[in-house]
Each structure stands twice: as structure tokens, then as C-alpha cells.
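We have chain A; now place chains B and C onto it with these hints.
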Amino acid sequence: MSNSMEHVSQSRLISEASLKERIIDLVTKWEFILVVLFLAVVVYFSNASPYFLDYFNMMNTTFNFMEKAILALPMIFVIMCGDIDISVASIMALSSFSMGYASAHGASTGGIVIIGLLVGLLAGVVNGLMVTGLKIPAIAVTLGSSSLFRGISQAVLEDQAYTHYPESFGYFGQGYVGDSLVPFELLLFVILAAVMGFVLHKTTYGRKLFAVGNSLTAARFSGVPVDRIRFFNLALNGLFAGIAAVLLTSRIGSTRPNIATGYDMEAITLVVLGGVSITGGKGNIVGVIIAVFLLGYLKFGMGLLNLSAKVMIITTGFLLIGAVLIPELLNMLKSWRKLKKQQQD
Amino acid sequence: MNKKLEKILQNRELNLVLLTAVLLIAVTLRAPSFLALKNIERIVNDTAILIMVASGQLLVILTGGIDLSVGATIAFSGMAVSMLNQYNPSMPVVVLILLGVLIGTLLGAFNGACVAFGKVPPVITTLGTMSIFRGFTFVLSKGQWVTAHEMTEAYMNIPKGKMLLLPNLTIWAIVVFIIMFYFIRYTRSGREIYAVGGNKTAAHFVGVSEKKVNFMVFTIAGALCGLAGVMWTARYAAAVNETALGFELQTVAACVLGGVSLAGGAGTLTGVVMGALFLGIINNALPVVNLSPFFQMGIQGFVVLAAIVANVLMEQRNDKKLLAGRRR
Amino acid sequence: MKDIVLQLKDIAKYFPGIKALDKVDFTIRTGEVHALIGENGAGKSTLVKIMTGVYQPTRGSIFRNGKSVQFKTSHDAQEAGVVAIHQEASMFSELTVTENIFMGHHLKKASGMLDWKAMTRHTADLLNKLELDISPDTLIKNLGTAQRHMVEIAKALSVDAEVVIMDEPTSALSLKEVEELYKIVRQLKNEGKAIVFISHKFDEIFEICDYFTVFRDGQYIGEGEVAKSSIDEIVKMMVGRSLNQMYPKKEAKIGETILDVEGLSLPGYFSDVSFNLHKGEILGFFGLVGAGRSEVMRTIFGIDKKSAGKITLAGEVLETTNPGLAMKKGIAYVPEDRQEQGAILEMSLSHNITLPQINDLSDFGVLNSKREKNVTEEFGNKMEIKAANWKVNANTLSGGNQQKVVLAKWLATNPQILILDEPTKGIDVATKAAVHKFISEMAGEGLAVIMVSSELPEILGMSDRIVIMHEGKVTSLMNRDEADSDKVILAATGHGQGDRHE
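Protein chains in written order, with the numbering used here: chain A, 1 to 345; chain B, 1001 to 1328; chain C, 2001 to 2502.
Any given hint could be a false lead.
Below 20 Å or equal to it, Euclidean Cα-Cα: the simulated SDA-like pairs (lysine to any residue) are [claimed, not checked]:
(1) Lys1200/B x Gln2339/C
(2) Lys1212/B x Met332/A
(3) Lys2386/C x Leu2345/C
(4) Lys2109/C x Thr1187/B
(5) Lys1321/B x Ser2307/C
(6) Lys2386/C x Leu2367/C
(7) Lys1321/B x Lys2141/C
(8) Lys1142/B x Val311/A
(9) Lys2391/C x Leu26/A
(10) Lys282/A x Glu2346/C
(11) Lys1321/B x Gln2147/C
(12) Lys2108/C x Thr1187/B
(13) Lys2009/C x Gln343/A
(14) Lys2108/C x Tyr1182/B
(15) Lys1200/B x Glu2094/C
(16) Lys334/A x Gly1118/B
(17) Lys1211/B x His201/A
(18) Lys282/A x Leu2367/C
(19) Lys2391/C x His201/A
(20) Lys1119/B x Leu325/A
(21) Lys2141/C x Ala1263/B
A few chain C residues facing chain A, derived, Cβ under 8 Å [said to hold, decoys possible]:
(22) Met2327
(23) His2351
(24) Pro2356
(25) Ile2358
(26) Gly2365
Because the hints were derived from the structure by calculation, they are not lab data. In this text, all values refer to a predicted model and were calculated from it rather than measured experimentally. Where is the CB? At the ideal position from N, CA and C, for every residue including glycine.
One chain only, chain A, in its complex shape:
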């Protein structure tokens, strides 16, 4: 090569930008893969079952995944900062238990909701304090607190259940918006997603989240109050678990100690599947929203085909691992290609 001497003496950075490379970049982009997967799910199941592409069904099935979707929203923040919270399902149990207790003691619908939200928030605050105040990894704290929170409701309820709630309480998890076919849960999710998306992408808080997620140390050295942000995330996670608990309790109309088991895994799956990096610092709200509907309709379709709930759980587990594994493999492939190209120069 004639220009190799010059190349070597110049900058050591190697640039790249052919059309082929750009196409590869787009196709390996996570949101692109998600949209393709979503379309594949829709096309496959509308062929497999006549009941899939039905407006009423498509609206109604959102009841089955909106609570988990709401849990996923603040979980984006938590995971983005490199933490994790595996106690949200237990917070839901504790919150639902408190609502049942309040209801049994004659609280009004408004009172029940406020208690549900406050208990959720309080549980989140406890997690947050232990993680940031005592500097204990979030996984350890939430593993312990998950069993404590659910344990409290189990110790009191034993194998009993609260089943009496005011009739108006049923609206949150069963009602529709006005005369439309849009469930209240779906509307609430859309509003919350819009708010959280705005916070994530358009506010200083969101900017700081990205900073902390990418480099906790560098963010701290830049004056970002790292611990306050991580604390706030976990508290928010508790509050949203409270919201989800209100919806779920209202929907099924009863509280048992094993309520919402496995919800934490699903919420984390949605976040990771939505392209939020588990090592922190990457992600956007759109990816997570696509993931919510992708997984929701995948399960709806599988249900129409009479696949058992266990098969769905297995699928979710594989999706969780695959969502991290596949981009990782793509990355390895990309750096390998890059290196190969450098060698040819």
C-alpha cells in the first residue's frame, strides 16, 4: 500500500463509514430488532388465530400486563444507574396487604388508595436508605427486603385472604375510560410513560441518570449527587409498586400473601428487553414501551393457542437472558469485524 507510511504517522484513530457498515449498524440497532419482532408476533398470531387482531381483544388483554408495565417505568431509572430491585413484587404484596387491612377496618376507597401508595413509597424509601446510606449493593438489600416485605403480610394473613373492598375501588383495575373500550389501566400507563419519558430525556434529572449510569465515579466528580439520585430511584420504584398494587388488588378484588409473585422478574425483563443496559448508562423509553407490547401480545397470542402459563414463564426467562446475550454477541461480532478491517489496512 502506497499510503501506509502516511497513515501510520497520522492519527491512530481509524475512521469508518461505508454504506454497508451503516446498514449493518441500523439492522443491529436494538429498537429496530424490537419492532421487527413485534411485527413478527402480530403477523404470526393473526394468521394462527382469528381472535388475535380484534380491537376489543387487543384492548382487553392489556389488563394482563399493564401492572407489570407500570413497574417497569421507574425500574428503567434503577437499572440505568447500575442498581437492581428484586423486591417490587413483595412491595406490591405488602401494599396490597395494607389496603386489605384498611378496607377491613372500614377505610373509604380514597383512603385505601392513599394507604396503598404510601406503604409502597415507604418500602421503597427503606430500600433506598439501606442502599445509599449504608452502601450495601441493591441486589443484597432487595433480596432481603423482598422476603421481609412479603413475610410481613404472610405472618399476619397466614393462609387467609382479604376479599372485601368497596365497590368503587374496583374501577382502577377493571374500569374503562368513559364509554370507550380503553381500560383505565392502559390510559394510566400511557400518562405515566409520557411523564417518565419526559423526565428521562428532557430534564436534568434524566441527564444525571445517564451520567451516573455511564460512570458513577465521574458523575460524582462532576458534582452530581449520585446517592441522592439512587435513593430517589428506589423510592420511586416503591411508589410505582404501590400504584401497581392498587391496580392489581382492584382488578382481582382480593389480597393473598402470594399476590404478584414473579412480577419483579417480568418488570426487569421488560426493561432489559427494552434495550436498557444492565451495566448502566444506555436506554430509552421507546424501547421499553415496545417491549411492553411485544411481550404482552406475545403472551396473549400464546394464550390463544392454549399454551400453558409455564411455557410463557420459560419464554420470559429466555427473553430476559437473550435480551442481554444477543446484543453482547452482536458487539463481539462488531469489534471483531473492526479489528479485522484494521488488520487489512
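What follows is chains B and C alone, placed relative to chain A:
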């Protein structure tokens, strides 16, 4: 003299012994029969499975990881082996035990492969496989149980019989302990776990392969879960789909109580065994102090959190002393 | 002619996007101390990692006693008799000295069981040889920095190696320990071993090295016998030009006192540190690695919490408890580790530059991209950052440009005091000069600057006054005109006469 006392107080294992003694005394004051030899033997036997699985969890935590799938692994291997026993009653128990270990090993290897070669963080991997393995247990059993009258006498006797005055299950735990102790202390692979957990860069510099170690610890943890699956189903004479649900918490709790650092690189097997025994005493003491078994979950959660907090506070205090002592 | 033990031919090492080494030749002979010379970032450490099997070369070949070999892991290299004392801390702090020394090559009994007795005995012997008074069973976390480095050296000696590579082994050692090290190096040389000695301290190179090879920007530049060369020749090879144009220190008007630190302490790191700083002044901080300089700065900036002492800023007693507060008071801290602490590599240049003052640039917490753009352009251009646009991630830039981003980010906060921790570590010569020029200009405009540096020429060339620390204490304070390299080094290694000026 004062310094010596300080040193004793800093020793986590000794602290745990003291704490256990206090707990024992407290419970015994309430119910004097608690300290009877027979009861102690029962507590140890009840804790045997926890000791096996927690020693696998120890290896994973030493690398800085965590294995949330141990309960599901126990359930799957236990179910698979019980069903083999149900449909092939003539199959010798030795083969069944080996198959249980093999199944657990394979499941653990899957975890290990995802973490080591796929670079999927341990939390995500095992959170996923926790569902996957549990789901496959249901698929395998079609939701059915294997109950006592469907198991052979020989199978149920694996943990039950007695040798050298001790129940078989306790002896199994002791054998696992000895093998693991030897492995951790007297083999290169065992020491390399501490290297990877302590300082990844330094481990790389001295030629320790992080991939190999990660793969190895999850595989061993899986193998121990496989063995535990056989023991569990044989001991309780039932293989159900919910076997060992939430058991991961207990194994992590035993490690944390035993002074294992969740950041990796520090912790001992004896500490873990003591942590497991401590939990065993609490579980056995519940009925003695008139608490329903429904309290178990909450109390365990509380104990774990308390242990973590105590560890952290102690560590911070030690670090401060260490720094203050380093330079005058 | 001495025998060639290890030879590297046409070695290249690429990382995605970066050519760390290209067309490198390197030859090591028995009974010779071979200096590997180059600036930070010249590729020395990468080469060490290739010689010890930590990295595999992208291209090229390695010959051991004339036979082509491949070191797939550091274990392979060790088997072939090549060991290194790495520059980065590579210790297991929760494990004992014995274990640290033998990790990767534990001794076994005939039964295959690890032989702890033998390992402890060997360790005791090695520690004796190095005149280190510590027990083999001590945990590493209980040792000080210098002791840790000595254990690193013991580790390399524990293998019966023919090639011993020492990557800046003296950076944290006191004079006595350096003497001890020299003794060992000479002893190894007499035993017919080959030693590769990496350093950029010329007094060391001329003291114990026989032969040298120079690298610059990942490439082989030249080699020769130390005895037949002069410092000037080697420096020219190393930096590509001569030294004198590097420190454009301008005379600045020294103004009033702005910062007064009194009796500042942080147990385990430093104690009773006092100094003051004036407007327009560049105050240099010199000392060995681990002397506690960075920790003093971190404490002033509110990252570490002081246990005692008083910090007064412009007459106001400052209780900095977090960096955010320190920033509001007008302190800016450019940390030592650019990749970890300074820049956020996976974030855009614009987002990096605006991060410290993002609250002030927003409307009630909502981002204002116009204001962000203005600040980015003003300070990005001022620092002459070379980048395609402000949206590219910081990790696409060279080290020098990254450092400019970090500087821009802090200048944008309009500080009264600028603390620079190793501002030119690991950046190329041209950018280095630009950074120096810039620091000098800022001081000229009345900014008070603290510059922590381990590079003596930089300290001597740039500072108005120099604070010298040793093992957590201020041992000396010198004015520009009374400082020379001998005096400064003596004070930094604990031999200063303690003539303190105020």
C-alpha cells in the same frame, strides 16, 4: 491483652459462635428440651441440605456473582430423579444420585456459560433461569406430584438411614463439606476463585482465567443443587413443583451471616456452615417460641438484612482502624 | 556479544479503533539491564503485556532463545521464564502476602495438594532477601503502598525467571527502598538474567541500565548503549524535539490569598496539611505515588470527608461536604484519572462539558438545548478541542483531546480555584504543551491554580511555589527560585530539611 480481645471481636466466625450461643441460651430458657442432644441432631440434619447448597452459593458469591436459580435447580433435578424412580423402580439409587448430580451440573453449566462466555451478568442470568428451570419442572411433571407411595423404599432411605450414629443426610453434608474444604483450600482452582473475586485485573496478570472460574463456580453450584434435589425429594418423600421455592434467599443468607463479602474475594466455608446452622436454629426455634411457620419468611428476611447491615458496619469500623493504624 | 533471550519482531497490537503498537522490534539479552523508554501512552505497558502473555499481539512474532513461541496466557510466559512487575496495582487485598506471591503458580505436594508450608517458607525467604519486616501471613490490605510494591517485586522473584520486566518499579518507593531495589537488580544481572527496566526518570536509567530502546506513539524509534548516549539525545528520541520549549510559564501577578488550608487531616492518607494559595499563582504539589496529594485535593473538593482541619475560601470557612457544594463556591477539580473520574466516555462532548452546571443551564429542571449549545461551543472552542462535532462520544477522541474536554467542562463553571491532578498524564507532547500554555494563561488572568504532578520537570517548570509531601505530611515548601530537582526529590523521599516558608 486488650488488643487480643479486639482481635477476637473482629473475627467474624467467633462473633457468629457467640451470637449462636446467645440465641441457643435464649431459646433454651424458654424450652429447656431445645438443647437436648436429639434436638441438636435434628437441627443439624435439617440444615444439611442448606449447608450443601450454600457452599455452592459461596463459590459464586466469592467471584462477586450471585446464583438466584438454586431453588429452581433443586426442584428440577429433584423432580427429574423422582420421576425416574417412579417409572423405573429397579434403577439403583447410586445411579439416581449420580443422575441428579449430572442434571444439576448441566443446569449450572448453562448458567456458567451465559455468565462466562455470553457476558450476561449473574443476576440477570440466574433471574432468567430461575423461571426457566422452574417452568421446565412444571412441563416435565405436567403439574403432577411424585408422592411417597410412588417412590421406592430405597430412594427414600438415601437420607434417612444411620451410619456411625449420625443420620445419612448429615454424613452427606459432612462429606460435601470435606470435599469443598479441600477444593477451596488445597487446589489451584479453588484459590483462583478468590483471585477473580478479589481483583480481576490482577487475576488476569497472573494467568487466572476469569471465564474458566465463572463457568466452574456456577457448574459446581449446579452440581451441589442436583445432589440437594435428590436429598430433598427423598427426605420429604415428595417431589412437587414448588420444591425449594425461595431457597436462594436462605443460601445467600447463610453466606452473608457467615461473613462472606457480597463484593467477592473474601469469605470462608466454615463461616458459611455456621451461618447455615444459625438459620437452622432459628427455623427450629419458631414453634418452640410459639410462632407459626408463616413467620419464617419474614424473619429470614429480617435476619438477612440485619446480618448485612452488621457486616457493613463492622467492615467500615475495621477499615477506619486499619487506615488510622497504617500511618501515625 | 551477549546471548539473546527474548526477541520481538514486527509486533503490532490493535484495539478496536486504536493502534496501540505498530511495527515494534525489541531485543533482550542476558546479563543486561535494558531500559524501555517512552512517554506515557507510548505503548510501553502494552508491550509488557504482550511479553507476559496478558495480551496477544495482532501481528508479529516472539522468539525465545531463537525459537518462535506464543504466550497465550501469562502462565505460558511464566513457564518460559518471563515475569513482570506490573505498574498497576495488581494485588489481592483480602489475601495474605504468601498467597499474593504464589497466585497463579501455587506450589504443590507430590499428591497434587497445595503445599502451604513450602509456600510460606519461600515467602519468608524472599521477604528476608528484600529486608522486608513483615510476616508472610499478613493480609495485603494491612500494608502500606511501598510495602505492597516490595511484595510485587518479591512476587516476580518467586518465579525462577530469566527475564524480569519492571514497569516503573520505583514510583512509590522511598530512597532506601530504591537502593534495595537497585541492589537486587544488580544481583539479578550478575546471575545472568535479563532485566527490562521501564522508567522515565533519567537518573535511574543512567544509574543502572546498560542499554535502551525508545518508543513514541506506539512505534519503535531507536536503541543504543546508555554509556554512549546523553540525556539530550534520548529525550529528543522520546519526545521528537528538545525540552526547553515545553514550559511556557508566564510571569503572573500574584494577588491576595484566596484559599487557606490549616491542619487538614484524613486518617490513613494525610495529616496536618497546611498551605495557602493566592490569586494568579500556580502552586505545585509534588511527592511519590501514595504521598497523599490527590487525597488532599479530593478532600478540599468534598469527595472525601476530612477528620480535622479548616479550609478557608476567600475569608469564608468552607464546610465542603460534597462536590456540588464545592463547585458552587468556585472550586473546580480536574481529577487524575481521566477515563474513570474525569470524562464520561460514553456521553457526548456537549453533555460532558455541561454536566457540572446542568442545573443552572436548565429551566426549572427542564433541559435547555440552546444554552447548552452556547456553553459547549464557547468553552469547546476556547480549548481547541478537535472533534467532528459536539455530539460524538468522548471515547472517540484521543487522550489529549479528552483532557481538553475535561478542562473545558470545569472552566465553564467559572471557577476561582482550579485544581489540576496530573493534568498531562498520558497525553501526547503537542497537547501537553497546549495544556501548559493554557494553564499559564489562566493563571495570568488571575485564576488560582493548584497543580499536582509526579513529573518533576513539569513541577519545576510551571509552579510559582512547590508543596512537597511525603507519607501524608507536608515536608517542604519552596519558592520557584530556590527549588531544584535534588532538593525536591530529597524532600519527597522524606529526607528534606523541613525548611518551611509561609
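Right, here's what the structure says about each hint:
1. In summary, the hint linking lysine 1200/B to glutamine 2339/C is supported, as the alpha carbons are separated by about 18 Å, within the 20 Å threshold.
2. For the hint linking lysine 1212/B to methionine 332/A, the alpha-carbon distance of about 19 Å falls within 20 Å, and the restraint holds.
3. A threshold of 20 Å between alpha carbons decides the hint, and for lysine 2386/C with leucine 2345/C the separation of about 16 Å falls inside it, so the pair holds.
4. A C-alpha spacing of about 11 Å is found between lysine 2109/C and threonine 1187/B, which places the hinted pair at or below 20 Å, so the restraint holds.
5. At most 20 Å may separate the alpha-carbon atoms for a hinted pair to count; lysine 1321/B and serine 2307/C meet this at roughly 13 Å.
6. Annotation: proposed proximity of lysine 2386/C to leucine 2367/C is violated, straight-line Cα distance about 26 Å (limit 20 Å).
7. With a C-alpha separation of about 12 Å, the suggested pairing of lysine 1321/B with lysine 2141/C holds against the 20 Å cut-off.
8. Taking the CA atoms of lysine 1142/B and valine 311/A, the gap is near 11 Å; set against the 20 Å cutoff, the hint holds.
9. A hinted pair counts as satisfied when its Cα atoms are at most 20 Å apart, and lysine 2391/C with leucine 26/A qualifies at roughly 18 Å.
10. For the hint linking lysine 282/A to glutamate 2346/C, the alpha-carbon distance of about 9 Å falls within 20 Å, and the restraint holds.
11. The suggested pairing of lysine 1321/B with glutamine 2147/C holds, with an alpha-carbon distance near 19 Å, which does not exceed 20 Å.
12. Proximity of lysine 2108/C to threonine 1187/B is assessed by CA-CA distance (about 9 Å); at most 20 Å being required, the pair is judged to hold.
13. The straight-line distance between the Cα atoms of lysine 2009/C and glutamine 343/A is roughly 17 Å, inside the 20 Å bound, and the hint therefore holds.
14. Between the alpha carbons of lysine 2108/C and tyrosine 1182/B the distance comes to roughly 13 Å, so the proposed pair stays at or under 20 Å and holds.
15. A distance of roughly 13 Å separates the Cα atoms of lysine 1200/B and glutamate 2094/C; the hinted pair therefore holds under the 20 Å criterion.
16. For the hint pairing lysine 334/A with glycine 1118/B, the CA-to-CA distance comes to about 15 Å; that is within 20 Å, so the pair holds.
17. This hinted pair does not check out: lysine 1211/B and histidine 201/A have alpha carbons roughly 37 Å apart, beyond 20 Å.
18. Between lysine 282/A and leucine 2367/C, the direct Cα distance comes to roughly 19 Å. Compliance with the 20 Å bound is thereby established for this hinted pair.
19. The straight-line distance between the Cα atoms of lysine 2391/C and histidine 201/A is roughly 15 Å, inside the 20 Å bound, and the hint therefore holds.
20. A distance of roughly 7 Å separates the Cα atoms of lysine 1119/B and leucine 325/A; the hinted pair therefore holds under the 20 Å criterion.
21. A distance of roughly 15 Å separates the Cα atoms of lysine 2141/C and alanine 1263/B; the hinted pair therefore holds under the 20 Å criterion.
22. Given the 8 Å rule on beta carbons, the hint for methionine 2327/C holds: about 5 Å separates it from the nearest Cβ of chain A.
23. Given the 8 Å rule on beta carbons, the hint for histidine 2351/C holds: about 7 Å separates it from the nearest Cβ of chain A.
24. With a least beta-carbon distance of about 5 Å to chain A, the hint placing proline 2356/C at the interface is held under the 8 Å criterion.
25. Checking isoleucine 2358/C against chain A by beta carbon gives a least distance of about 5 Å; that is within 8 Å, so the hint holds.
26. Interface restraint check for glycine 2365/C: the shortest CB-CB distance to chain A comes to about 5 Å, inside 8 Å, so the restraint holds.
The structure shown violates the earlier hints numbered 6 and 17.
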